[in-house]
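Chemist: Following the UniProt record's numbering, the numbering of the sequence shown begins with 1 at its first residue and continues without gaps.
One should not assume that every hint holds.
Stated by the list, open to error - The list that follows gives simulated cross-link-like pairs (lysine-lysine, BS3-like), each with its CA atoms no further than 30 Å apart:
| hint | residue 1 | residue 2 |
| --- | --- | --- |
| 1 | Lys235 | Lys222 |
| 2 | Lys271 | Lys176 |
| 3 | Lys58 | Lys219 |
| 4 | Lys176 | Lys262 |
| 5 | Lys176 | Lys219 |
| 6 | Lys235 | Lys219 |
| 7 | Lys176 | Lys222 |
| 8 | Lys222 | Lys58 |
| 9 | Lys235 | Lys58 |
| 10 | Lys262 | Lys219 |
Stated by the list, open to error - Derived Cβ-Cβ restraints for the label pairs, each shown as a range:
| hint | residue 1 | residue 2 | range |
| --- | --- | --- | --- |
| 11 | Pro110 | Asp273 | 24 to 32 Å |
| 12 | Thr76 | Asn2 | 41 to 49 Å |
| 13 | Gln88 | Pro254 | 35 to 43 Å |
| 14 | Tyr290 | Trp263 | 17 to 25 Å |
| 15 | Thr234 | Pro255 | 46 to 54 Å |
To be clear, the hints were calculated from the coordinates, so they are not data collected in a lab. A virtual CB, placed ideally from N, CA and C, is assigned to each residue, including glycine.
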Amino acid sequence: MNPYILAILLFGLGLGTTITFASSHWLLAWMGLEMNTLAIIPLMAQHHHPRAVEATTKYFLTQATAAAMLLFASVTNAWLSGQWDIQQMTHPLPITIITLALALKIGLAPVHAWLPEVLQGLDLTVGLILSTWQKLAPFALILQINPTNSTILIILGLTSTLIGGWGGLNQTQLRKILAYSSIAHLGWMILVLQFSPSLTLLTLLTYFVMTFSTFLVFKLNKATTINALATSWTKAPLLTSLTPLILLSLGGLPPLTGFMPKWLILQELAKQDLALTATVAALSALLSLYFYLRLSYAMTLTMSPNNLSGTTPWRLSSTQLTLPLAISTTMAICLLPLTPAATALLAP
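Throw the hints in and build the complete structure from the sequences for me.
Modeler: The following block contains the structure:
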């Protein structure tokens, strides 16, 4: 892709998100989301592969549906209450429709079905943008409307953690596994949103760091299936020995970074007398943990098949920058001791 066009598209992505962040009027927020969608579509379809074009079309249709729902709900809100301000939402009907529209935008269960399919058709770099940057604008809106309907949030959150765990169990494609991992993490964030928005933000940031690290590892190994991970030992032995730690951090095991948000969320849910919800969420984390363990096992404890159809790829030195990977890996593994600092920052 022409570097000038790429720069314009990335600028459009950043601008769309920034407009949504800065807006207090629903029309402006909707415009920012639309700019975001339109800027990422050429990036998704840049390889002209039928699979990429299919993923792009699916993405466009779901985002357009969500944007239309959002516009409809904000017009309904203006009709019912006479104002367009995002933070002054009072009527339950537009709040519910907008919550569902934003859930469709970020891929929360039960409106998640597009996410694994779309991510599977994309390049790892664009997949990374879709899994991280594209979640920011809808999340800013969800945090601003602060949905009053607590039942719908808890249902969305629990469904997402369960489906995110279940869906990834039988997958062999890494991008689909990462999509289900994304759904499960978003479920955890939505569960605690109404009780502690700052904790949701902390979870979102730690998820970004861990996902960024995982995508960069897969990109360095040029791996898109579990079997391809088995050859990574010969390519980058040190990175291969660290990768299980990143994956287990995504699964939320102590003493890794990923344990911090899960621990604080379970604590918050217990404080709110939602012991059953906390138990179901904790058990669903075990489902996710299984497929992270499976990836770790395939990567570090199995030898790649050396028959003619599965010969080891050439060990060419990678042109990828390793500094971002080094920083994000360190953060994904070692930040748990900073939990007291995080809780101090979260305190109202």
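Chemist: Does each hint fit the structure? Answer for all of them.
Modeler: Evaluated hints:
1. At roughly 10 Å between alpha-carbon atoms, Lys235 and Lys222 fall within 30 Å of each other, so this suggested pair holds.
2. Between Lys271 and Lys176, the direct Cα distance comes to roughly 34 Å. Violation of the 30 Å bound is thereby established for this hinted pair.
3. As the CA atoms of Lys58 and Lys219 are separated by approximately 24 Å, the hinted pair is consistent with the 30 Å bound.
4. Among the hinted pairs, Lys176 with Lys262 is consistent with the structure: their alpha-carbon atoms are about 22 Å apart, no more than 30 Å.
5. Between the alpha carbons of Lys176 and Lys219 the distance comes to roughly 15 Å, so the proposed pair stays at or under 30 Å and holds.
6. Straight-line distance between C-alpha atoms of Lys235 and Lys219 comes to about 12 Å, which keeps the hinted pair within the 30 Å bound.
7. Between the alpha carbons of Lys176 and Lys222 the distance comes to roughly 15 Å, so the proposed pair stays at or under 30 Å and holds.
8. Pair hint Lys222 plus Lys58 holds up; C-alpha atoms about 25 Å apart against a cutoff of 30 Å.
9. For the hint pairing Lys235 with Lys58, the CA-to-CA distance comes to about 35 Å; that exceeds 30 Å, so the pair is violated.
10. Between the alpha carbons of Lys262 and Lys219 the distance comes to roughly 27 Å, so the proposed pair stays at or under 30 Å and holds.
11. Checking the proposed 24 to 32 Å range against Pro110 and Asp273 shows it holds: the Cβ atoms sit about 26 Å from each other.
12. Evaluation of the 41 to 49 Å hint for Thr76 and Asn2 yields a pass: the beta carbon distance comes to about 42 Å.
13. The supplied range of 35 to 43 Å is met by Gln88 and Pro254, whose beta-carbon atoms lie about 42 Å from each other.
14. For the hinted restraint 17 to 25 Å between Tyr290 and Trp263, the CB-CB distance of approximately 20 Å keeps it satisfied.
15. A beta carbon spacing of about 30 Å between Thr234 and Pro255 contradicts the range 46 to 54 Å that was offered as a hint.
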